[in-house]
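Enquirer: Respectively, the protein sequence lines represent chains A and B. Read left to right, the first sequence gives residues 1 to 344 (my numbering). Read left to right, the second sequence gives residues 1001 to 1223 (my numbering).
Don't take each hint at face value.
As the list claims (entries may be wrong) - Here are the simulated EDC-like cross-link-like pairs (lysine to aspartate or glutamate), alpha carbons at most 20 Å apart as the crow flies:
1. A/59 - B/1121
2. A/100 - B/1050
3. B/1220 - A/104
4. A/86 - B/1128
5. A/17 - B/1121
6. A/14 - B/1050
7. B/1137 - A/77
8. A/59 - B/1051
Hint data in this document are derived by calculation from the structure and do not stem from the laboratory.
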Amino acid sequence: MSYIRIKDVKKSFKNKKGSTTEVLKGIDLEIEQGDIYGIIGYSGAGKSTLIRCINGLEKADSGSITIEESDITTLNEKQLMSLRLKIGMIFQHFNLLRSKNVYDNIALPLKYQKYSADRIDKRVNELLETVGLTDKKRSYPSQLSGGQKQRVAIARALAVKPSILLCDEATSALDPQTTESILDLLSKLNKELNLTIILITHQMNVIQRICNKVAVIDDGRIVEQGNTFDIFSKSEKEITRAFLNSIFKGPSRDDLKNYPDHENGRLLHLIFTGEKANDSLITSIAKSFDTDINILFGSIEYVENKPIGSLYVTIKGDPKAVEESIKKLKEQSVRIEYPGGDTN
Amino acid sequence: MIERFFPNVLEYGNDMIIAFKETVIMVLIAGAIGLFTGLILAVILVITRDDGLYHNNALHRILETIINIFRSIPFVILVALLVSFTRFLMGTSIGIRGAIVPMVIGIVPFISRLAEQALLEVDSGVIEAARAMGISKRYIVFHILIPEARPGLIRSFITSTISLIGLSTMAGTVGGGGIGSFAVRYGYSRYMNDITLVTVVILVLSVNIIQSLGNRAANKITH
Ligand SMILES: Nc1ncnc2c1ncn2[C@@H]1O[C@H](COP(=O)(O)OP(=O)(O)OP(=O)(O)O)[C@@H](O)[C@H]1O
Ligand SMILES: [Mg+2]
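Chain A on its own, in the form it takes in the complex (with noise of 0.2 Å):
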C-alpha cells in the first residue's frame, strides 16, 4: 500500500451567504514514500485546501487519508497535533516570527517540544548548516531576502525530523534564480532524509525541474497523475497540455493567431519526446513528400531530465502531400497542435 493514500476527498465551504460551494470534489492520489509529488493547477482550483487536508489543518468531509496506514481523517485535535510532527510545512509568504530572529524561529517547535537547551543549540546549528544559513542567525526575517526567509522556513519545519513536508506555492514569492536554489534544496534533502516531499504550484517550471511524480488538479478533480515525464510527453488533456506548452519560450499565442496561414503554409506546432527531440526527422519527411517545411521556432526543454522538443514549423506544399506529412509525423508519435486554429 502506498505511503500516502487519498481516497475520494470531498470538500465544501459554506459562504457568508449560506450556500455551499464544493471546493474538493473527490480527490484520489497516492505518494509513495520518497517522491517529490507535485500537484499542479490553476488558481483557486483547490490546491491549498487539498494541501491542508493532509496534515488536518481542513478537515475533509468526506473520504479517507491515510498516511504510513492509519487514517488521519479519523484523528482528534491531540492526535492531529502529534501527527504534525511528522509532516512538516513551508509557505507562498514564509510565515516567520517577525519578533524572533532566525535562531529562534528555527528552535519554536524545539522549544515547544520541551527539548534541552543544548538539544535545541545543537540542532539549530545542525539546520542551519543543512540551509546555508549559519551566518545569519542572529539577523531578523526583515533583514532576509525572500530566498533566505524561505531557507529559514525549511528549517524550522525540519526541525523535528518529519519525514513528509508540505509545500504550499514555496517559490511562487521568488524570483528565477532563487526559485531554482530553493528547489535545488529540496531535492538534496529529498535525496539525503529520504523525505517525501509533495508540493503544490501553479508554476510548470517547478514541476518540471524536481517532481518524479504529478498529479494535475483542475476544479477540484485530479484531471491525471503519474511520472512526470509520461503525462507531460503523452498527455491528451488540454489543460496538462497547456501547462506543458507554458515551459516552451516562443512566439505567444495572439502573434500565432495573427499568422497569414495560406500565404505561408500550415502553421503547426510539433512536440517531439525522448529519443525524436531532434529535426533530422522534419528534413527527412519534407524530403520524402517533397514539402516545404519551414522551422519559425524551435526549443528544446529537460523534464525529469529526458528531453520534450518544441517546433513551430509552416508547412507548404501540394495539400495532399501535406496531409501526408502530417500523418507521417502522428505516426512518428510527434504531436501536433495547430496554433493557426485549424484543427482538421
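Since the structure of chain A is already known, use the hints to place chain B with the ligands on it.
Expert: Just chain B with the ligands now, with coordinates in the frame of chain A:
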C-alpha cells in the same frame, strides 16, 4: 518676574505638586488594571472571531455588545452612573479611590478595541504555520500571538494612557483629586489664569514624554 506673572502658582505650588502626584497615581493604577483587563478582552475578541483559534460566535457577540455600550456612554455620565458601585467597591466615591473605578471602566473598552486591532495585525499565516508544527492553540496565544503583536500593543497602550490622563482630569473634577480638579478649583473657579496655564503646560509635557518614550519602546522591539 515669576512673582509678577505667576503669583498663584508660587503660592499654591505645593498643592499643585500634590495634585500632580495624585494624577500620576490615578493614571498608574487605573492604567495597570485597565491595560491588563483590556488586553484579556482583546485576546478573547480575537480568538473567538469566525477565523479565530477558538471561534465562538455567541461569546464574541456578547463581549462586543458590552464593549460598544460602555464605549458610547460619555465619561462624565459614566462617573455619575457608577457612584453607588464605586462606593460599594472602594468605600468612597470621591478622591483618588473614587476616581479609579470609573477610570478603569471608562478606559477598558477603548483599550480592548485598540489592542484588538494590534492583535489582528498579526499575520494569520504565522498562526497557521504554528498549527502546522503541531503547536497547541494555548501556546500559540501566549507565545506567538501576543509576542508578535507587541509593537502594536505598546502603541495602543500609549494612546490609552494618554486618554487616561484626560479621563483622570474629568474623574477628578467630579470626585475631587488630581491636577484636573486642581485647575478647575483654582484656575477656573477663582480666576487664577496662571494656574490654568501651568496645568496645561504640565499636561502637554507629560503627554509628549509618554508618547516619545512609548514610540521608542515600540520601535526598539519592531524588527
Ligand atoms: N476557508 C474558506 N472558506 C471559504 N472558501 C474557501 C476557503 N478556503 C478556500 N476557499 C475557496 O476554495 C477555492 C479553492 O481555494 P484554494 O485556496 O484551495 O485554491 P488554490 O488552488 O490553492 O488557489 P491559489 O493558487 O490561488 O492559492 C477558492 O475558490 C476559495 O475561494
Ligand atoms: Mg493556494
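Enquirer: Assess, step by step, whether the Cα of residue 100 of chain A is no farther than 20 Å from the Cα of residue 1050 of chain B, and give holds or violated.
Expert: 28 Å, violated
Enquirer: Check whether the Cα positions of residue 86 of chain A and residue 1128 of chain B lie no farther apart than 20 Å.
Expert: 16 Å, holds
Enquirer: Quickly compare the C-alpha distance for residue 59 of chain A and residue 1121 of chain B to 20 Å and report which way the hint goes.
Expert: 26 Å, violated
Enquirer: Does the alpha-carbon distance linking residue 1137 of chain B and residue 77 of chain A stay inside the 20 Å limit?
Expert: The given pair, whose Cα atoms are some 10 Å apart, holds under the 20 Å limit.
Enquirer: If you draw a straight line from the CA of residue 1220 of chain B to the CA of residue 104 of chain A, is it 20 Å or shorter?
Expert: It holds: about 18 Å lies between the C-alpha atoms, which stays within 20 Å.
Enquirer: Check the hint pairing residue 14 of chain A with residue 1050 of chain B against an upper bound of 20 Å on the C-alpha distance.
Expert: Holds. Residue 14 of chain A to residue 1050 of chain B sits at ~12 Å (cutoff 20 Å).
Enquirer: Between the alpha carbons of residue 17 of chain A and residue 1121 of chain B, is the straight-line distance 20 Å or under?
Expert: Not OK: residue 17 of chain A and residue 1121 of chain B at ~26 Å, beyond 20 Å, violated.
Enquirer: Given the hint that residue 59 of chain A pairs with residue 1051 of chain B, test it: the Cα-Cα distance must not exceed 20 Å.
Expert: Judged against 20 Å, a Cα distance of about 15 Å means the pair holds.
In this structure, the hints that do not hold are numbers 1, 2, 5, in rising order.
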